[in-house]
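Take the given structure of chain R and dock chain H to it, following the hints.
2 protein chains.
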Amino acid sequence: MVNRRIAEILRSGQPDESPQIQGWVRTKRESKGFAFIEVNDGSSLANLQVVINQDLPDYEAILKKLNTGAAVEVTGVLVASLGKGQRIELKAEAVKVYGEADPETYPLQKKRHSFEFLRTIGHLRSRTNSLGAVFRVRNACSAAIHQFFQERGFLWVHTPIITASDCEGAGELFSVTSLDLKNVPRTDNQAVDYTQDFFGKPTYLTVSGQLEAEVMAMAFSNVYTFGPTFRAENSNTSRHLAEFWMVEPEMAFCDLEGDMDLAEAFLKYIFKFVLETCPEDMEFFNQRIDNSVLATAENIINNQFERLTYTDAIALLEKADVKFEYPVSWGLDLQSEHERYLAEQLFKKPAIVTDYPAQIKAFYMRLNDDEKTVRAMDILAPKIGEIVGGSQREERLEVLERRVLAQGLNPEELWWYLDLRRYGTVPHAGFGLGFERLVQFMTGMANIRDVIPFPRTPQSAEF
Amino acid sequence: MVNRRIAEILRSGQPDESPQIQGWVRTKRESKGFAFIEVNDGSSLANLQVVINQDLPDYEAILKKLNTGAAVEVTGVLVASLGKGQRIELKAEAVKVYGEADPETYPLQKKRHSFEFLRTIGHLRSRTNSLGAVFRVRNACSAAIHQFFQERGFLWVHTPIITASDCEGAGELFSVTSLDLKNVPRTDNQAVDYTQDFFGKPTYLTVSGQLEAEVMAMAFSNVYTFGPTFRAENSNTSRHLAEFWMVEPEMAFCDLEGDMDLAEAFLKYIFKFVLETCPEDMEFFNQRIDNSVLATAENIINNQFERLTYTDAIALLEKADVKFEYPVSWGLDLQSEHERYLAEQLFKKPAIVTDYPAQIKAFYMRLNDDEKTVRAMDILAPKIGEIVGGSQREERLEVLERRVLAQGLNPEELWWYLDLRRYGTVPHAGFGLGFERLVQFMTGMANIRDVIPFPRTPQSAEF
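In the order they appear, the protein sequences are chains R and H. Using the numbering used here, read the first sequence as starting at 161 and increasing by one per residue. Using the numbering used here, read the second sequence as starting at 161 and increasing by one per residue.
Source of the hints: derived by calculation from the structure; they are not laboratory data. Hints are not guaranteed to be accurate.
The list treats identical chains as interchangeable, and a pair is accepted whether it falls inside one copy or across any two copies.
[As the list claims (entries may be wrong)] Each computed SDA-like pair below joins lysine to any residue, with the alpha-carbon atoms no more than 25 Å apart:
#	residue 1	residue 2
1	509	281
2	543	466
3	361	279
4	483	235
5	251	177
6	361	340
7	543	500
8	428	306
9	271	245
10	361	472
11	361	398
12	342	324
13	270	579
14	361	565
Computed from a predicted structure; not experimentally measured.
So here's chain R without its partners, still in its complex pose:
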């Protein structure tokens, strides 16, 4: 018999149909002569209510096994539900218990568990309502990202995870090595003998696929990456992970205007997609986690994002009737409190700030004619601050070489990146989106460790 998913039955199952379902017991309620069990198979937040009558052979013995967490297969007949809370329920004709879950030791009993506790059982926490909803929404975000770019003819390109270049200077790097750490080989002058390492030189985990994505954009015009990136930054906060996924589109023949247009369309598309495909999960987050997530999603979808320059943003912040913790002054980077003031209080919608001072931004961003600012853009969102960071890239060889040197980088290591400007260079632009920040933003989850299945953070690489 073909198994049906519970989400599909709840949506479109009709009385008198005879489905078979398989899933895990969430709760059991015993009554006189019958029992209700709620079964979940992960396809939806809602459970299917199964009614088991005492006529069922071995009723007592089976019931004893149907504790929270037990795995079951039920065949039966759908009937309209008389109870509140569900349209339809399954009258069991046969119940098979695959695996039990001892109520004395199974940690997920029917009660609220703290997210801190759930992190200690990362191998079981996806079986809860909240983490289940998070990972369904995470999947929907992923699907939306691929669909958005594939519809527009962008190629998904896999940029390398292991890299020999540390030239982006974007943060602290993890080393990757096949050397024996107990006995690192040395050269005559006591340096590490990297000729004995797997790649013959020092290698690291990537912090961004952008430079390689630019390579691919110079062949395919429009590409995107969607893969893991890494920071060995010792930040034990609710917003930092050592391993996180990033989305980085890169477009040839594109300037900062086109980049902003794409990023805005992209965010609207993802929020719309998730509201449409996961309405029940989003409703759950709005009720249980953060009662502003639905309003925030609607705000993103329905408003044209404000666009202003960094210089104008500084002027607005200087005029603001708010005490900021960090100073505001032209040349200083915007802090989270400033970003949130602009998006939440001033504009009450996402804002795109452009043309930041060159000295606080990366070497590859295109220098404006004022020689002081670069064609960078950050999208600031209510509640979370920066959600997207992008720029038009410097496509002029001589300007790029100047910027590389000014930031103390080695042009020789960047020979191939400079070659892209030597041969068939074009205006091009792209942006980066921290995927877990997006899921956090979408769901209202307070801690980023709860929106990735197996978080990697300082002193923690469990499961």
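This is chain H only, laid out in the frame that chain R set:
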């Protein structure tokens, strides 16, 4: 003016339309009073032919810049082409050159380059016909994979890249560390002091997401991973990469039959998808790279895969009228020559071999009642050998614990994996597909380094 992609113009552009295109010059042919340039924007293998008449202002000066590799923007009018080889061409009304490419130094001149040479210019090689076709097909394979699973309600789950468990024993591991290799800290008894490392213990790059995918399948029923995996194996062959992408679906309430059904449907789907979306690129591979790729694709799509046990396969190999290099005997693993004999010569189509001897397979595969074989399956394909490896997983706690110990692994490190059998265990199964092997198989490319944008191999981590 909105830019149009060349693939779309070649497909559906009509005479008298006035598009703007942007791309890179592939070739230039000068004639009396006019010139042809072939422009490619990466959206297709075919170029758009642009005709430039000498009436164009600055004709001579512009023509001098239009060398192979130059970046151009052309606006003009589409006209039916009188020449052979194209339906339509673009009569230029304005030509803008963004970036030139000096013919004296630009390495990609109009001639055949060896794939070895192209690997030394990994930042430019995607601009060639062959690598361009490879990466379009690679993208199509990726898109097909997501579409296949999303249509069937599977969640894409991101399993960790950095892992503290080396318990799968699947090969040599890369270490990930934030320690200074020049000065590795020591404990009092001269061991490495991992308490000072980022995660507080030894960590590695993952070799497979399967164990974590099983965690997720026990909550969502059907999931898949699609991400990078790593082997620090010193194999300098045309089939090995140190960094490669893997696809690993995992299904709860699924046995080996269901696993084989899914894998077969999956392969057929991807081949069909790529033939439909990249016909021109596939035709190119068939003509230029390997004249069997189209027949192989049709073979996969149209034939029911042969299914036989390992024991039967050994009997067939023992009877075969072929001299094998490696011995054939029950208990030994199948070598590539044996796999290819079965698929290519005997069955002339893909074959699924099941129920391998337990001692040559991983600890997590379900033990058969004979206690000698496990519910493993490998799909062997003509031309390439093993393309998919999977199994039904051991869901019985006591059997799994026995197998863990028998293979010399530490049950304490696998506590969470064993917990999946302790609480709500179910029959489940999954498989792994090496993504680059698939792309190699699809395209006929001889060397795996030419189907991933930036290959990582022993002594090589360029770009």
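Between copies, within a copy, both or neither: which fits residue 361 and residue 279 at Cα up to 25 Å?
This pair counts as between: shortest inter-copy Cα distance 18 Å, intra-copy 37 Å.
When Cα atoms must be at most 25 Å apart, do residue 361 and residue 472 count as within-copy, between-copy, both, or neither?
neither (46 Å within a copy, 48 Å between copies)
Intra- versus inter-copy proximity for residue 281 and residue 509 (alpha-carbon distance at most 25 Å)
neither (37 Å within a copy, 45 Å between copies)
Same-copy or cross-copy closeness of residue 251 to residue 177 [CA-CA at most 25 Å]
Answer is within: at 11 Å inside a copy they meet the 25 Å cutoff, but 64 Å across does not.
If the cut is 25 Å between Cα atoms, do residue 428 and residue 306 qualify within a copy, between copies, both or neither?
both (14 Å within a copy, 22 Å between copies)
Please work out whether the CA atoms of residue 342 and residue 324 approach to 25 Å or closer within one copy, between two copies, in both situations, or in neither?
Classified as both; 23 Å inside a copy, 17 Å across copies.
Is it within, between, both, or neither for residue 361 and residue 398, if the alpha carbons may be no more than 25 Å apart?
between (35 Å within a copy, 22 Å between copies)
Checking residue 483 and residue 235: alpha-carbon separation at most 25 Å within a copy, between copies, both or neither?
neither (63 Å within a copy, 54 Å between copies)
Within a copy, between copies, both or neither: where do residue 271 and residue 245 come within 25 Å Cα-Cα?
Close inside one copy (19 Å), not across copies (70 Å); limit 25 Å.
Reference check for the pair residue 361 and residue 340, CA-CA at most 25 Å: within, between, both, or neither?
Both, since 15 Å and 15 Å are each at most 25 Å.
Could you place residue 270 and residue 579 in one of the four classes (within, between, both, neither) given a Cα distance threshold of 25 Å?
between (61 Å within a copy, 19 Å between copies)
Intra/inter-copy verdict for residue 543 and residue 466 if alpha-carbon distance must be at most 25 Å:
For residue 543 and residue 466, only the intra-copy Cα distance (16 Å) is at most 25 Å; the inter-copy one is 56 Å.
When the structure is compared with the earlier hints, violations turn up for hints 1, 4 and 10 and for no others.
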